[in-house]
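**Student:** Protein chains in written order, with this note's numbering: chain A, 1 to 341; chain W, 342 to 844.
Rather than coming from a laboratory, the hints here were simulated on the basis of the structure.
Predicted model, so just to flag it, every value in this text is computed and none were measured.
Glycine residues also receive a C-beta, built at the ideal position from the N, C-alpha and C atoms.
Worth double-checking, as some hints may not be accurate.
Stretch by stretch, here's where chain A covers chain W in the computed footprint (C-beta under 8 Å, at least three residues) [claimed, not checked]: (1) 463–473; (2) 703–711.
Chain A side only, calculated, beta carbon under 7 Å to chain W, not exhaustive [claimed, not checked]: (3) G46; (4) V48; (5) G52; (6) D53; (7) A56; (8) T208; (9) T209; (10) P221.
Non-contacting residues of chain A with respect to chain W, defined by C-beta distances greater than 12 Å in every case (computed) [said to hold, decoys possible]: (11) N206; (12) G218; (13) N220; (14) L226; (15) G228; (16) V231; (17) L282; (18) A316; (19) I324.
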Amino acid sequence: MSEDTALSAQSTAPVAKKESGLSALLGSAAGRNTGLVVALVLLCLGGVVTAGDRFADVDNLLTILRLAAVIGVVSIGMTFVITGGGIDLSVGAIVALSSVWATTLATQGIANDSHWIVMVFTALLVGGACGLVNGALIAYGRVVAFIATLASLAAARGLAEIISNRKTQIVNVPGFAAFFDASVLGVPVLVVIFALVAVGGWVLLNRTTFGRRTFAVGGNPEAARLAGIDVRRHTVMLYTLLGLCCGLAAVMLIARTTTGSATHGGLYELDAIAAVVIGGTLLSGGRGTIAGTVFGVLIFTTLSNVFTLNNLSISAQAVAKGAIIVVAVLLQQRLARRSGA
Amino acid sequence: MVSSPALLSVQGVVKRFPGVTALGGVDFDVRAGEVHCLLGQNGAGKSTLIKVLAGAHRPDEGEIRWRGEVVEFGNPTAAMRSGVAAIYQELDLVAGLSVADNVFLGHELSTAGFSRRGEARRRTRALLDRLGHRDISPDRDVGRLSVAHQQVVSMARALSLDGQLLIMDEPSAVLDPDEVRVLFGVIRELTAQGVAVIYISHRLAEIREIGDRVTVLKDGRTVATGLPAREVKTSELIALMTGRVLDNVFPQRNPVDPAAPEVLVVRGLADGDRFTGVDLTVRAGEVVGLAGLVGSGRSEILETIYGARRAAEGTVEVDGRKLRRGSVGVAVRAGMGLCPEERKSQGLLLDQAVFRNITVSSMSAFARFGFLDDRAERARSRQLTESLDVRPAGVDRVVRGLSGGNQQKVVLARWLLRECRVLLLDEPTRGVDVGARSEIYELIRALADTGVAVVVVSSDVEEVLGLADRVLVVREGRVVHDGPADEIDESRVLDLVMEGHAA
């Protein structure tokens with residue numbers, strides 16, 4: 001393996017397209033995500049054929065988007081961590097802990113006395129702190145990410161159960177519910193938040209030094225370190241960012257369900273990782289796409305919506321999900337081989 | 342040997358990959374018992390040719406005759422069973438398995454599905470003896486062997502299938518002079534037994550020492566074949582490889598101004614493990630060479646100066662300011678740059694664009710409030726790659742597709758962009774072909790002439806002596822010699838490297 005293979009790869013190696021204008025940008029994004037767009041369209045067609053107007057209804061589509069919003073925010077954060085060469089299994093538990101902490105009687109009492117935003121900050125703070133702990137364990141404690149976040153998964157959900165005493169906590173702060181139940185120009189606030197996070201995430205990943213460092217750290221941590229990047233600090237920031245996303249997702253989940261609970265966010269880690277991976281982000285790091293992740297989330301949410309409308313069981317949904325993941329990864333490998341990467 | 346029939350003969354072999362013809366007509370033949378050297382610049386098609394011969398690629402045209410019969414090896418196993426085995430640069434051994442297990446990997450000895458480990462061990466023992474290595478135990482974990490011994494195991498593996506032709510891809514690149522000598526001993530023994538070897542190396546001296554005949558490849562074609570390895574002139578080989586004539590590989594040295602400021606000052610540096618008491622001063626415009634064996638501590642010294650390893654004792658100063666220990670960020674901000682030994686694993690983001698690799702250490706210069714101006718990044722990178730003549734051009738190209746020399750230029754461009762004060766180069770020409778080598782030498786010299794303090798580590802003594810103004814010899818973690826490059830010759834350096842008689 002050396003120079004000659006390199007030469008043969010030259011002409012086939014992908015040459016990143018110059019993004020001269022918005023049209024080119026959209027074009028290249030659509031081009032990269034053709035498979036995902038096709039899959040989503042097929043799913044929607046399937047929905048229309050099997051469920052007709054019950055699927056192709058504005059209210060139903062908004063329901064899909066509202067469901068996609070919460071896991072979507074987590075998945076955007078997960079895209080950063082995975083692109084940076086990491087993994088986080090504790091996201092669901094962090095969502096649960098944040099939701100419980102933000103809805104304790106004490107927190108809600110303060111919120112009622114001052115402003116509902118206290119609940120939001122509490123959730124963000126708890127989520128961010130969990131992420132910080134994960135990041136510090138991984139970067140400075142040199143614990144393998146898989147193990148560190150597996151431990152957090154157990155600990156955070158346990159702590160959530162202790163705080164909530166295993167009871168569902170009902171939200172009784174009027175301003176909170178009113179704000180998040182509202183719509184902007186017919187679009188639910190939750191969906192607006194998801195859109196903002198996605199756009200913000202795209203800009204952060206593709207247009208800033210933070211994003212560029214993320215690619216460098218994920219692509220080759222040793223080379224990044226020797227190029228002068230503080231890899232450990234960056235790793236901590238990545239997990240903290242994901243923790244903040246989990247906190248925000250907790251707020252959104254509280255708003256959608258009007259409760260905080262230690263059972264919130266069950267299996268979010270699997271859903272988020274699956275969405276990120278079928279979106280085209282490399283699990284080994286160094287390559288990541290926010291647009292792909294958004295498509296990944298929409299595909300999974302639409303799938304479960306179509307299944308639910310057709311009265312198919314949760315178990316059948318799980319089987320279909322698994323099949324989609326396998327097919328997506330196989331396709332990705334095929335494409336990667338063809339492009340010589 | 343002159344009249345011995347061809348063991349392998351290759352005629353008109355063509356191999357195309359989508360968009361590129363890697364081999365455009367290769368002809369040569371290999372006789373039993375000879376060492377046939379393949380020479381060519383990076384990208385000339387050597388590695389593709391090896392893969393075709395070893396059955397990893399199918400040729401699109403042409404024919405390969407093995408013992409006079411036209412053959413087509415569908416896969417490496419088929420080639421190995423016929424007696425053709427390739428030993429690649431990145432060894433294909435499984436660490437964690439024993440030597441014997443590796444030797445018989447893929448063709449395990451078994452009876453009714455039960456492995457015959459004793460028999461495998463016995464035969465491995467015999468093969469290692471045949472290779473002159475009684476010192477390697479068949480039970481050792483391959484991962485714990487030195488690289489040189491791993492190569493011996495690879496050779497034993499090839500011989501276990503009664504290999505008649507061994508193809509060795511730059512075996513000496515990862516070996517130090519002692520180990521190369523051992524390797525050559527093994528090769529001589531094998532050829533005496535009638536085994537043929539195809540030997541690939543960038544080092545002309547080695548080809549003269551071990552080779553019988555030379556075939557030169559250029560742009561995927563044979564430009565000369567069957568040249569006598571010992572007699573053919575160096576200038577002729579270089580001319581054949583590059584298509585142009587090179588007189589002096591090393592650039593002209595300019596005398597260093599004795600009053601030039603001391604840019605890098607290292608005092609009493611020790612890492613508490615591999616080296617101690619290293620003093621080193623480099624003036625502006627000076628190139629200092631560090632010579633020493635692999636494992637002598639020279640790379641560790643460089644990495645510790647750079648802050649990539651934590652120093653236990655001693656100080657590092659750049660322009661009179663003492664640097665905090667163990668922080669690459671501090672070193673880089675103080676004006677240091679490192680081109681690491683393992684370019685691919687330590688130096689480059691292989692799957693990312695050229696311009697991203699160049700600007701990775703200077704991102705803040707292209708950012709406003711954290712937002713990158715990638716148009717400016719591309720423009721500046723384009724200037725640099727054009728002035729360094731990185732080929733093929735194109736800053737959006739993925740670095741993985743570039744040849745070794747061009748990849749090294751990308752790493753150099755990174756530090757040129759930062760206008761660094763101190764440049765540390767670890768094996769700057771490893772895996773770089775002869776033509777590109779002289780370009781890199783000129784570049785290093787040109788940098789020094791602009792007032793950069795340069796430290797070069799190299800296993801190639803000729804390179805150190807040719808390039809540096811001053812030479813430090815490192816042996817077993819200590820500097821055993823420090824003096825001007827023109828007051829010491831190659832044999833003296835080698836003597837110091839091995840024996841360590843203080844000068």
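**Student:** Hints first: check each against the structure and report whether it holds.
**Tutor:** Here is what the structure says about each hint:
| no. | hint | verdict |
| --- | --- | --- |
| 1 | 463–473 | violated (count 0) |
| 2 | 703–711 | holds (count 4) |
| 3 | G46 | violated, 36 Å |
| 4 | V48 | violated, 40 Å |
| 5 | G52 | violated, 46 Å |
| 6 | D53 | violated, 46 Å |
| 7 | A56 | violated, 40 Å |
| 8 | T208 | holds, 5 Å |
| 9 | T209 | holds, 5 Å |
| 10 | P221 | violated, 10 Å |
| 11 | N206 | violated, 9 Å |
| 12 | G218 | violated, 9 Å |
| 13 | N220 | violated, 5 Å |
| 14 | L226 | violated, 6 Å |
| 15 | G228 | violated, 3 Å |
| 16 | V231 | violated, 9 Å |
| 17 | L282 | violated, 9 Å |
| 18 | A316 | holds, 38 Å |
| 19 | I324 | holds, 26 Å |
The structure fails hints 1, 3, 4, 5, 6, 7, 10, 11, 12, 13, 14, 15, 16 and 17 (numbered hints given earlier, in ascending order).
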